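S.K.: Sequence:
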Amino acid sequence: ELDDASAHYLLSLLYRKGEGVEKDEEKEVYHLVEAAIGGHPDARFDLAVNEGENERYDRSIKHFIIAANLGHVGSIQMLKECYKNGFVSKEDFAAALRAHQAAVDATKSPQREAASIARAAIRALELE
15 ELDDASAHYL
25 LSLLYRKGEG
35 VEKDEEKEVY
45 HLVEAAIGGH
55 PDARFDLAVN
65 EGENERYDRS
75 IKHFIIAANL
85 GHVGSIQMLK
95 ECYKNGFVSK
105 EDFAAALRAH
115 QAAVDATKSP
125 QREAASIARA
135 AIRALELE
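Heads up, the sequence shown is in my numbering, so the first residue is 15 and it goes up one at a time.
Hint data in this document are derived by calculation from the structure and do not stem from the laboratory.
All values reported here derive from a predicted model rather than from experimental measurement.
Treat the hints loosely; a few may be bogus.
Derived lysine-lysine pairs resembling DSSO-like cross-links, with alpha carbons at most 27 Å apart [what the hints assert, rightly or not]:
hint : residue 1 : residue 2
1    : K98       : K76
2    : K41       : K31
3    : K94       : K37
4    : K76       : K41
5    : K104      : K94
6    : K76       : K31
7    : K76       : K94
8    : K104      : K76
9    : K94       : K122
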């Protein structure tokens with residue numbers, strides 16, 4: 015079952031692509047914002063991209079930082095580029111890296127690691 019943030023994110027994708035609904039950028043952004051508020055990292059990343067495309071770079075960077083803090087890898091890559099080009103301070107980039115690593119570490123558990131090993135073993139058996 016989808017949570018509200020995931021449902022809003024999926025709706026934003028439908029409105030972006032015009033799948034099953036008429037393309038509508040305003041509704042797309044509305045659902046992205048709702049998903050981002052709900053903590054959806056991909057929605058936050060997409061908002062960052064949207065803000066950048068609309069030349070609102072300060073807002074874009076803030077969205078990338080929030081997405082990175084939620085563990086979004088693409089946001090870290092974008093912040094790295096922004097740092098290289100002088101748009102993000104060393105302190106802000108370092109803080110985003112620390113928060114990103116903390117988010118990634120928080121998702122690790124012995125159960126997840128065991129499940130990952132089990133999936134790899136199943137895949138290996140399927141290839142035989």
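S.K.: Does each hint hold? Answer for all of them.
M.R.: Against the structure, the hints come out as follows:
Proximity of K98 to K76 is assessed by CA-CA distance (about 16 Å); at most 27 Å being required, the pair is judged to hold. For the hint pairing K41 with K31, the CA-to-CA distance comes to about 12 Å; that is within 27 Å, so the pair holds. Under the criterion of a C-alpha separation no larger than 27 Å, the hint pairing K94 with K37 is inconsistent with the structure, at around 32 Å. Between K76 and K41 the alpha-carbon distance is near 22 Å, which keeps this suggested pair within the 27 Å criterion.
Restraint check for K104 and K94: the C-alpha separation of about 10 Å stays at or below 27 Å, so the hint holds. Distance restraint check for K76 and K31: the Cα-Cα separation of roughly 25 Å lies within the 27 Å cut-off, and the hinted pair is therefore satisfied. The straight-line distance between the Cα atoms of K76 and K94 is roughly 13 Å, inside the 27 Å bound, and the hint therefore holds. As the CA atoms of K104 and K76 are separated by approximately 15 Å, the hinted pair is consistent with the 27 Å bound.
At most 27 Å may separate the alpha-carbon atoms for a hinted pair to count; K94 and K122 meet this at roughly 24 Å.
Hint 3 alone, counting from the list given before, is not met by this structure.
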